[in-house]
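Protein chains in written order, with the UniProt record's numbering: chain Y, 1 to 286; chain F, 1 to 261.
Derived from the structure by calculation, the hints contain no laboratory data.
If you're wondering where the values come from, they're calculated on a predicted model, not measured in any experiment.
Glycine residues also receive a C-beta, built at the ideal position from the N, C-alpha and C atoms.
There is no bait here: all hints are sound.
Taking lysine-lysine and the DSBU-like style, the derived pairs with C-alpha atoms no more than 35 Å apart in a straight line are: (1) K168/Y with K43/F; (2) K172/Y with K43/F; (3) K83/Y with K54/Y.
A short list of chain Y residues far from chain F (calculated; beta carbon distances all over 12 Å): (4) W89; (5) E93; (6) L107; (7) R132; (8) A135; (9) E137; (10) A148; (11) G171; (12) T237; (13) S274; (14) Q280; (15) Q284.
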Amino acid sequence: MNTIKKYVFYCIINVRHAHSWKAHDVAMASVVKREKMASVSEMYDVGWEEMRDKLRKWREDNCRNSEQIVDVGEELISEHASKLGDDIWIIYEQVMIAALDCSRDDLALTCLQELRKQFPDSHRVKRLSGMRLEALERYDEANKHYDAILQDDPTNTAARKRKISILKAQGKGTEAIRELNEYLEQFVGDQEAWHELSELYINEHDYGKAAFCLEELMMTNPHNHLYCEQYAEVKYTQGGLENLELSRKYFAQALRLNNRNMRALFGLYMVSTSVRSMSQSVQQTG
Amino acid sequence: MAEPELLLDSNIRLWVVLPIVFITFLVGVIRHYVSILLQSDKKLTLEQVSDSQVLIRSRILRENGKYIPKQSFLMRKFYFNNQEDGFFKKTKRKVVPPSPMTDPSMLTDMMKGNVTNVLPMILIGGWINWTFSGFVTTKVPFPLTLRFKPMLQQGIELLSLDASWVSSASWYFLNVFGLRSMYSLILGQDNGADQSRIMQEQMSGAAMAMPADTNKAFKAEWEALELTDHQWALESVEEDLMSRELDLDGMFSKELPSGIF
Chain Y
1 MNTIKKYVFY
11 CIINVRHAHS
21 WKAHDVAMAS
31 VVKREKMASV
41 SEMYDVGWEE
51 MRDKLRKWRE
61 DNCRNSEQIV
71 DVGEELISEH
81 ASKLGDDIWI
91 IYEQVMIAAL
101 DCSRDDLALT
111 CLQELRKQFP
121 DSHRVKRLSG
131 MRLEALERYD
141 EANKHYDAIL
151 QDDPTNTAAR
161 KRKISILKAQ
171 GKGTEAIREL
181 NEYLEQFVGD
191 QEAWHELSEL
201 YINEHDYGKA
211 AFCLEELMMT
221 NPHNHLYCEQ
231 YAEVKYTQGG
241 LENLELSRKY
251 FAQALRLNNR
261 NMRALFGLYM
271 VSTSVRSMSQ
281 SVQQTG
Chain F
1 MAEPELLLDS
11 NIRLWVVLPI
21 VFITFLVGVI
31 RHYVSILLQS
41 DKKLTLEQVS
51 DSQVLIRSRI
61 LRENGKYIPK
71 QSFLMRKFYF
81 NNQEDGFFKK
91 TKRKVVPPSP
101 MTDPSMLTDM
111 MKGNVTNVLP
121 MILIGGWINW
131 TFSGFVTTKV
141 PFPLTLRFKP
151 MLQQGIELLS
161 LDASWVSSAS
171 WYFLNVFGLR
181 SMYSLILGQD
191 NGADQSRIMQ
201 EQMSGAAMAM
211 PADTNKAFKA
221 EWEALELTDH
231 QWALESVEED
241 LMSRELDLDG
251 MFSKELPSGI
261 F
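Excised from the complex, chain Y in its bound form:
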């Protein structure tokens, strides 16, 4: 009897608590919701024009800060769509790619549908829908999309590059390298592709070929200190006295192009000590 009473008493108290908690919970939830939805414009006190200009700056600099793009872009699209005019289509594309990065498939789908409505036969939009399928890991369907684009327009570089990145995402490193080589045979001037190929070769520990790709990049961008520094690092990893001396020269070149490249400075130090110890050991043995 006592336990039943206690149990009933316990239930009543809980129910009463539940009632009062319910109201409190609702209040709490709305506060929490308001805090989560505190918009970018409120947080930073900016108008829609500044947000749009910021998005344009990110577009031009090719930044990949996807979370920020999603925050700013989502608000811009949902609240200020009519004021943007024709800018809105490129913003849709930018926000969609950022949403795929952040796994926001809902946002990506809305952007894609708007773009499809406006540009029904566009290859660019087809590539975006292929990218969404890639993000959902439906690689076969994505491949079909890209093949359709390529049948229509064999010179379309974007579709080819997406197919290669599908192979990379599936972990087929050697096949990706082979496809990328074929792509580069035809489109020799694509610097993005050369850089990607050098990265793939580094993953496969084929440093000689990675150095070749970086040489292409250094030739087309002789004043870019980052390519010099990457080349020097690859040469350093290859090892051997000649490669180390070459590496030292390229670290020095990177520093000459940009005094503040700390990584190049450190690399120069490492290479110099390695060369010294190598030549010392050669002297001792030979």
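Please build the complex by placing chain F on the supplied structure of chain Y, with the hints as guidance.
For chain F alone, coordinates are given in the frame of chain Y:
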């Protein structure tokens, strides 16, 4: 000595000079939009794209080869210029010179160009000449010789009139060329109303004829590449670096920007 200056009726200014300006401008704008509507797509083949990029790569090798090690430069030069199977030696492209007769798209392009540009100019010039004839419109600010008289004073039969006084037809032609800068202001750089640019293109188009010349371009690149030598730019880079001081001022004192804005 100076002749007595002619005083023109101000009605001329109101009803002739300004209307001609408006007419020329509006016709130009209409021509721009019509040319956009009639534009045909230019489709490039894979081979053309690939060839143009190969030529660019070879040119970059010649110009910037000094930034890569000697071995790599020689490797690439060998790939391009090798006697038996270098790229420039081996590749022969089928060359079809795109003459207007055989290539239908070029023919329609030429026709469209003629229709949109030359025809309206002739028609409107003639109409203006017929409508606004029999009086002088304006005076050009510099003195002209008598030989310009029959050209610039179309409907006026006065022997003693100074050649600086011109008729409305010449004012129209002045406008056609003068409004070019207005068009680029209003319609943007690449506009279809820009007649002088089109005429320049027509004259230089005969000299360009790019697609027919892939083989010749390859041969020219081969020769140029044979002549290039490798002067390694990084011979003395370490000494250069040591001779100057590193500029690390202010590297650690600036506040990093945080947040989005």
